[in-house]
Amino acid sequence: MKELLDLGLQVSGWSLVLLCIGSIWIPKVLGWREKLVSLTPLMKELWWTYSLYVWGSHIFFAVMALAHRDWFLSGSPVAASLAGFICLWWSVRLYLQFFGFDFDEVEDGFLHKAAKHILTLLFIGLVFVFGMTVAWNLGLLGKGGAL
Amino acid sequence: MILLRIAGLMCLGLVVANLVGVKRLKYAVNLETSEPIVRQIFYVYCGYIVMLIMGLTVLCLGWPELLLTDGMGRVVCWFFGIFWGS
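The listed protein sequences correspond, in order, to chains L and U.
Residues in the first sequence are numbered from 1 upward in steps of one, following our numbering.
Residues in the second sequence are numbered from 1 upward in steps of one, following our numbering.
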């Protein structure tokens, strides 16, 4: 089980790296510059600042998943907490993917649809892997953990 | 450790400030003329930032010693160092 989770974390980490790289094109693909024209300067600055911080957080998650897998699977309560935080982060994102965002304004082309489905699968995968990592660290999946 | 707990209290203040800021900075009014997806993404971003700061608050107030350990403690400190430094 530990080896499977290790593999899962590696796949998650590389997926997050690809997400971070792909995110660079999101402002252009979704036409953010045009859409943000109506906002005040402060709101625009907050928008870009927050989006950079969220992007930075995704880089952090990728670094953790790739470079600190041993720690993530150490069976400690701290590892469970951090994995739980990341699982919660992606759970929220997954919820928004289905029930939150209004995608009507996004172009209906093949590439946009494919990207949407790939992202949905990615979010499902991340929730699953980090959820399993929490369970491992809590000792619910074998000899992992803290409980 | 005391300094980390003080930092945790400051982060707690920031969480509260972010919640107050929604009304003070008139997010709803300023976002009225924008498209629904812009409004949604903006609020989601705000939520995620508050989530991050809340996580740091819990860490600093509850388990500051974890930030002083080698390995993960250092990585998390680096992340938040860059977060606040930027």
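Honestly, the hints are just simulated from the structure, not real lab data.
One should not assume that every hint holds.
[Said to hold, decoys possible] A partial selection of chain U residues facing chain L, derived with a Cβ cut-off under 7 Å:
hint, residue
1, 35
2, 40
3, 43
4, 55
5, 68
6, 71
Positions of the beta carbon are idealized from the N, C-alpha and C atoms, including for glycine.
Quiz item: If you check each hint against the structure, which ones fail?
Solution: 3 and 5
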